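Once you have looked at the hints, place chain B on chain A.
If you read the protein sequences in the order shown, they are chains A and B. Position 28 of the first sequence, counting from 1, maps to 165 under this note's numbering, and the rest follow consecutively. Position 24 of the second sequence, counting from 1, maps to 112 under this note's numbering, and the rest follow consecutively.
Rather than coming from a laboratory, the hints here were simulated on the basis of the structure. One or more hints might be untrue.
To be verified - Selected chain A positions facing chain B (Cβ under 10 Å, derived; list incomplete):
no., residue
1, Gly180
2, Gln182
3, His214
4, Leu217
5, Tyr224
6, Thr238
7, Phe239
8, Gly240
Note that the structure is a prediction, hence the values are computed from the model and not measured. Ideal Cβ placement from N, Cα and C applies to all residues, glycine included.
Each chain is listed here by its residues.
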Amino acid sequence: DAKTTQPPSMDCAEGRAANLPCNHSTISGNEYVYWYRQIHSQGPQYIIHGLKNNETNEMASLIITEDRKSSTLILPHATLRDTAVYYCIVRAGGGTASKLTFGTGTRLQVTL
Amino acid sequence: GAGVSQTPSNKVTEKGKYVELRCDPISGHTALYWYRQSLGQGPEFLIYFQGTGAADDSGLPNDRFFAVRPEGSVSTLKIQRTERGDSAVYLCASSLMAGQWDEQFFGPGTRLTVL
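If we strip away everything but chain A, and leave its shape as in the complex, we get:
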């Protein structure tokens, strides 16, 4: 699976958009970009995933650059409950597609 690089921490004011970047310059054509988050003392929670088109759901938007070497997760109106570690994961296709390879993620702190 391709390696990802994320900033270790970010701050965001409540009500503002949180933009979390991820670099995955070695991504290959059949690999998807996934985002999970982990709130303190809980298991990770799926947020969104995409291949090459931008994606949006009720939780967030995912913007993937045209060359697919980087992406940004956008939480449009961050709340205190969005404080968590956010993991960007690139997931391979084929027989071992199912495991998730987590890095160390970005610790997002949402403040008043």
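Same frame as chain A, but now just chain B:
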């Protein structure tokens, strides 16, 4: 409906002892995964099951670790001759079926402390 549950939530044991950690996946989910998370790190893959069989056990660190899922539902992770380095949170996840785009639902984890 009920999510993934794991028991016990906390387990303290002594070095050299044997432990079993249990995972109850979401009903109907055919794929089940085990991960291990050390302090300050992201979860690390251990093994996953598709039905009753282990489809990928490449993440098990050594032969002291073993997992079973005899009826394709509940799974047990077994650790023999525990070592202090085994201390971590052990996470279980399940998904409807294994695949590149399956959403994995995680349990709260079992915190294992080896003294």
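Tested hints:
The beta carbon of glycine 180(A) comes within 3 Å of a beta carbon in chain B, closer than 10 Å, and the hint placing it at the interface holds. Given hint, glutamine 182(A) at the interface with chain B, holds; its Cβ is 7 Å from that chain's nearest Cβ, closer than 10 Å. The criterion of a C-beta within 10 Å of any C-beta in chain B is not met by histidine 214(A), whose closest approach is roughly 23 Å, and the hint is violated. Against a cut-off of 10 Å between C-beta atoms, the interface hint on leucine 217(A) is violated, since the closest Cβ of chain B lies about 21 Å away.
With a least beta-carbon distance of about 6 Å to chain B, the hint placing tyrosine 224(A) at the interface is held under the 10 Å criterion. About 7 Å separates the beta-carbon of threonine 238(A) from the nearest beta-carbon of chain B, less than 10 Å, and the hint is met. At about 3 Å, the closest approach between the beta carbon of phenylalanine 239(A) and any beta carbon in chain B falls short of 10 Å, and the interface hint on this residue holds. For glycine 240(A), the suggested interface contact is upheld, since its CB lies about 6 Å from the closest CB of chain B, less than 10 Å.
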